[in-house]
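Participant: With the hints as extra help, turn the sequences into a complete structure.
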Amino acid sequence: MTDFYVRRRSMLKLMASAAALPLLGVQAAHAGQTTGINIIVMADLHSAYDRTGQLLAAVEDQIAASTRPSIIVINGDLFEKGNVVADRSNGKIDWAFLEALTEEAPVVLNIGNHEPDFDNDLANFVSRAEDLGVTVLTNITDSRTNALYAPATATLDIGGQPVTFAAIAVDNLFTYPKATREQLAIPEPVKWAKENLGQQLQAGHINIVLSHAGVVPDKAILPMLPDGTLMIGGHDHLNIEHEEGMTRYLHTGCWSTACTVATIAGPGESARFSRIDITPTARSSERLNALIADVIARHLSAEDTETVGHTSAAMTNDEVGLLVAAALAKAAGGDIGFIGHTTFGAGLPEGPVSRHAFDSSVRFDGGLKKAEVDAETLKTILPRCNQFGAFPFKDRTGDYLYANPQAGRKETYTLVCNGWSAVNAKSYFGRDDLTFTDVPDLQVKPVALDAIK
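Heads up: the sequence shown runs through residues -31 to -1, 1 to 422, numbered per mature numbering (1 follows the signal peptide of the UniProt record, and there is no 0).
By construction, these hints were calculated from the structure, which means they are not laboratory data. Careful: at least some of the hints might be erroneous.
Claimed, not checked - Below are the DSBU-like pairs computed for lysine-lysine, each with C-alpha atoms no more than 35 Å apart in a straight line:
#1 Lys422 / Lys61
#2 Lys395 / Lys363
#3 Lys188 / Lys395
#4 Lys160 / Lys395
#5 Lys147 / Lys160
#6 Lys61 / Lys363
#7 Lys61 / Lys50
Stated by the list, open to error - Label-pair restraints from in silico Cβ distances:
#8 Pro120 / Lys422: 44 to 54 Å
#9 Thr248 / Gly214: 32 to 42 Å
#10 Asn208 / Lys414: 19 to 29 Å
#11 Asp246 / Ala33: 16 to 26 Å
The beta carbon of each residue, even a glycine, is placed where N, CA and C say it ideally should be.
Facilitator: Encoded structure:
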């Protein structure tokens, strides 16, 4: 079926070309006015099936409308095991989406920490993706063979222009599936960049660094790059467009809520960004519509579709994060609640909220912790929180805490947070001198669910 579809697609293109022969001179003149290439960037997709078809449609429309040659970049985390449809179907929709992308333009994928979600042997993911024609990149070594799972760099010819990619992975093993960790040897990102990028990035090429390491190491790597490099970040689920000289740095969100077209005129030239927001109500590609509906129908149970909550309006992931942070504080009798930003995936729909929609929004459960701090300590913590919107790049810390509600003036405050944030207090709170105690009988998901009932 796929072979026929590809051949039919190629035939339609040939027919269109033949029909356009009288206009060839006009088209060539128009094409001559357009220079450079388009890089269609997406990252941290996480099996967001309510937007997968819409994202594909946006890519189709973008490529059809542009006279520039295009390449598609996925900067890690195609899959999400927490999506029960994705888990039960072994990512069937994601694989179909990936195949459809390869029929539109060359695809480059940098391995993130969720690529082994459904098959814990990462080598199998690499093999299957490469069979589709995807250029898979990573600097992760298979500890069983002492060889890279895929090349860490590649140069592709895009419309006659050499484009060189270098890939960097996140080195926190605890973010990978447990069954996969012993098979992975991952270098520290900044050290690896110092030792390798100088040889990998090429003069006279368009240079693109794909990092799934997160903002903190990326900030240290940026000054090492040749001026005019495009660095694409991921893992932290952020929206960032940053300039350093001619170099550009990009995060384009998560959960298929957006993709960004980076246009580069030539080697050493700055990328120009055009963001495309993706909504569930946008046009969805006919190539995936039937498959998505069928897979969801087959794999969602009655329990998954049961209504567990209600909202008066659709909520973004930031709005859900702030709601849940406040709910944690209220439930535990604290002053301010804190919870990690990447706890949240999709937002919540308007109206009835199903179990499946709730679990897609609030990804992780776990116990609660609390700590007592004085006002001066709180002053050092709050500026690190709520890093959405126009937050200064120099102050970015990667994954961050939602903090809510605002507290009045007091001498001491009771902070309430999820357990993961407490265990990783240095990263989230910016300090390791906080003393946390368990909050008995409370868990993140039940508290969050109560907040939308």
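Participant: A separate judgement is required for each hint: does it hold in the structure or not?
Facilitator: Against the structure, the hints:
1. Lys422 / Lys61: It holds: about 33 Å lies between the C-alpha atoms, which stays within 35 Å.
2. Lys395 / Lys363: holds, 18 Å
3. Lys188 / Lys395: Given pair Lys188, Lys395 holds - Cα atoms ~18 Å apart, limit 35 Å.
4. Lys160 / Lys395: holds, 21 Å
5. Lys147 / Lys160: holds, 25 Å
6. Lys61 / Lys363: violated, 40 Å
7. Lys61 / Lys50: holds, 12 Å
8. Pro120 / Lys422: 44 to 54 Å: holds, 50 Å
9. Thr248 / Gly214: 32 to 42 Å: holds, 35 Å
10. Asn208 / Lys414: 19 to 29 Å: For Asn208 and Lys414 the Cβ distance comes to about 26 Å; the hint holds.
11. Asp246 / Ala33: 16 to 26 Å: Since Asp246 and Ala33 have Cβ atoms about 19 Å apart, the given range 16 to 26 Å holds.
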